[in-house]
Structure formats: C-alpha cells, structure tokens
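Novice: Residue strings, one per chain:
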Amino acid sequence: MSTVTYAGAPVETDAEGFFVDPEQWSEAMGPQIAAANGVGALTDRHWQVIKFMRNSYLESGAAPSIRTLGKASGVPIKELYQLFPKGPAKLAAKIGGIPKPRGCI
Amino acid sequence: MTELLEDSEAPTAKPATIEKVSIIISKGSLEGVYPGLIMANGARMEGIEANVFFTFFGMDAINKAKHEHVKVATVGNPGLHLATWAGGFPGMSALVTRQLEHAMEKLDIPPIPEFIELIADSGAGLYACKASVDLFELTKDDFIPQVKDIITVGEFYGLAAGGQIIFT
Chain H
1 MSTVTYAGAP
11 VETDAEGFFV
21 DPEQWSEAMG
31 PQIAAANGVG
41 ALTDRHWQVI
51 KFMRNSYLES
61 GAAPSIRTLG
71 KASGVPIKEL
81 YQLFPKGPAK
91 LAAKIGGIPK
101 PRGCI
Chain D
1 MTELLEDSEA
11 PTAKPATIEK
21 VSIIISKGSL
31 EGVYPGLIMA
41 NGARMEGIEA
51 NVFFTFFGMD
61 AINKAKHEHV
71 KVATVGNPGL
81 HLATWAGGFP
91 GMSALVTRQL
101 EHAMEKLDIP
111 PIPEFIELIA
121 DSGAGLYACK
131 ASVDLFELTK
141 DDFIPQVKDI
151 ITVGEFYGLA
161 AGGQIIFT
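Protein sequence lines correspond, in order, to chains H and D. Heads up: the first sequence begins at 1 in my numbering, then just goes up one per residue. Heads up: the second sequence begins at 1 in my numbering, then just goes up one per residue.
Hints are computed from structural coordinates only; laboratory data are not their basis. Among the hints, a few may not be true.
Straight line, CA to CA, 20 Å or less: simulated PhoX-like cross-link-like pairs of lysine-lysine [to be verified]:
| no. | chain 1 | residue 1 | chain 2 | residue 2 |
| --- | --- | --- | --- | --- |
| 1 | H | K100 | H | K86 |
| 2 | D | K71 | D | K20 |
| 3 | D | K20 | D | K148 |
| 4 | H | K78 | D | K148 |
| 5 | D | K130 | D | K148 |
| 6 | H | K86 | D | K20 |
| 7 | D | K140 | D | K130 |
| 8 | D | K27 | D | K106 |
| 9 | D | K106 | H | K71 |
| 10 | D | K130 | D | K66 |
| 11 | D | K20 | H | K78 |
| 12 | H | K51 | H | K100 |
Using the sequences and the accompanying hints, generate a full structural model.
Specialist: Set out below in structure tokens:
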C-alpha cells in the first residue's frame, strides 16, 4: 500500500494504484489519475464509463463485468476499447477511485 | 556462462509483462471452447493484444450454423463423474449443457455467439485454420462475419511473432 497525492489530497492506493477507500476519491482527481495511466483528456464519454463503474461498485459492492459495461453503460464494447485501449474496466475503475475489478469476464 | 549468470541477476531487470497472446482453440465441446474465449477476453481486458486461431472442431465456435449449438461432451468426459452409459442417454448432452449455460449466465459469462462478438469488438483478431477449412470443405461464408481471414499455420506463426502462444 502507498500514499499518493491527487488534487491536493493524500490517497491510499494498492500496489497497482487502485484506491483502497472509494470515499477518498473526488471527481477533480480523475484527470490526474487518467494522465498518470496513459489515458488522455477525459471526454464526456470517458466520464460516462467511469461513473457507471463507480456507481455500480458503490451500489453492489462489485465492479461490473465487461459484458455489463458494454450493455448497460451506454457505451458499446468497440468504443470502450477506443476510449481505454489498455483495458476499459480496469482503467475506469482506477480513474473512478474504486478497487481493482476481480472478475474474469 | 559466467556472463549469462551475471546478466540474469542484473538488478535493473524490470518485471516482465505479456504484451501479446495468440490463442488456439482446437476442441468443439463447450468445455473445450470456453477456456480459450475467457483467456482471449481476459487478455484484452488487461490491454494485451490478442489473436484467436480456430482449428479442427474448435471452428464450430465461429461456424454460423453451429456456434449456437456447442455442447458439453457427456460421453468420455471423466470430469463429469457420469457413468458412460448414462452420458450416452438421449438428451443428456443437451441437459448438462443447459445446466452449465444457466450457471454461466448467473456469473455474467455470455453464450458463445455473444462472447465471440464481444471478443471481436474488443479488438482481438479471429482466424480460421486453412488446413481444417480445406478438410471440412468450408468457405469463408460458413463463418460469422467477425472472422478476419482463413490463414495457414505459417501465417499464424507470423501473427504470433513476439508474443505468447496458448493451445487449448
């Protein structure tokens, strides 16, 4: 575990940079986390995915699968990979301040 | 020799990451097809480049007429712990397949046609094996549109260059 500073606030993250406590996250941190993970400027479409991931996690305690992300977020699979080429679920979870998704799908 | 040892212990060595995988799906049963699909989808989810090469009965997973009818093998499948005579009972394969599909749906694992579409949309390349296509007298029209091409083993190795190959 390590402590990183985003938007002026200290944040606890795991070894891979995922938030340990989603409560420490704020929207202002998004662009900085995105930049640090090779995701360029965040558009409305990026935010749609990030917020869907975060809200699903906060509601159910688990991040949605890539299948659900493609069906229910309003952003189809092809576009998800255009927005987040290095892994949509993983990166949206990281930028949205929730723990790493544990599912295999 | 000494040099080699020193090299491998170099303190600057970074942990290795996998950048590309080429997955071969060679079996046409449900339990033969899914592991390769899960590996391919999982690779893309990690941002790893992925190609999937379907050969022999594994091609059923991309065959328009067959991909909705891939079944669990209930005969000669010791993992099911089912007596051979019972496994051969009419409808047994369909029954076990339905049960497994139901259990997978609960885990949000898509049926094969949807899963393959998801994997293609994620940017993975889907290919059919030329030798198998010739053997079963198929053409590109027999396959779902997501299949990019029918390629030879040599072309497969060309695509796989610089990555890991996984045979299932």
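Novice: Each of the hints needs a verdict: does it hold here or not?
Specialist: Okay, the hints, checked on the actual structure:
For a cut-off of 20 Å, the pair hint linking K100(H) to K86(H) stands: about 14 Å separates their Cα positions. In summary, the hint linking K71(D) to K20(D) is not supported, as the alpha carbons are separated by about 30 Å, beyond the 20 Å threshold. The suggested pairing of K20(D) with K148(D) holds, with an alpha-carbon distance near 18 Å, which does not exceed 20 Å. A C-alpha spacing of about 16 Å is found between K78(H) and K148(D), which places the hinted pair at or below 20 Å, so the restraint holds.
Restraint check: the Cα-Cα separation between K130(D) and K148(D) comes to about 13 Å, which is no more than 20 Å; the hinted pair holds. Among the hinted pairs, K86(H) with K20(D) is consistent with the structure: their alpha-carbon atoms are about 12 Å apart, no more than 20 Å. With a C-alpha separation of about 10 Å, the suggested pair K140(D) and K130(D) falls inside the 20 Å cut-off, and the hint holds. A threshold of 20 Å between alpha carbons decides the hint, and for K27(D) with K106(D) the separation of about 24 Å lies outside it, so the pair is violated.
With a C-alpha separation of about 16 Å, the suggested pair K106(D) and K71(H) falls inside the 20 Å cut-off, and the hint holds. Only pairs whose Cα atoms come within 20 Å are accepted, and K130(D) paired with K66(D) is accepted, the gap being roughly 18 Å. With a C-alpha separation of about 19 Å, the suggested pairing of K20(D) with K78(H) holds against the 20 Å cut-off. In summary, the hint linking K51(H) to K100(H) is supported, as the alpha carbons are separated by about 15 Å, within the 20 Å threshold.
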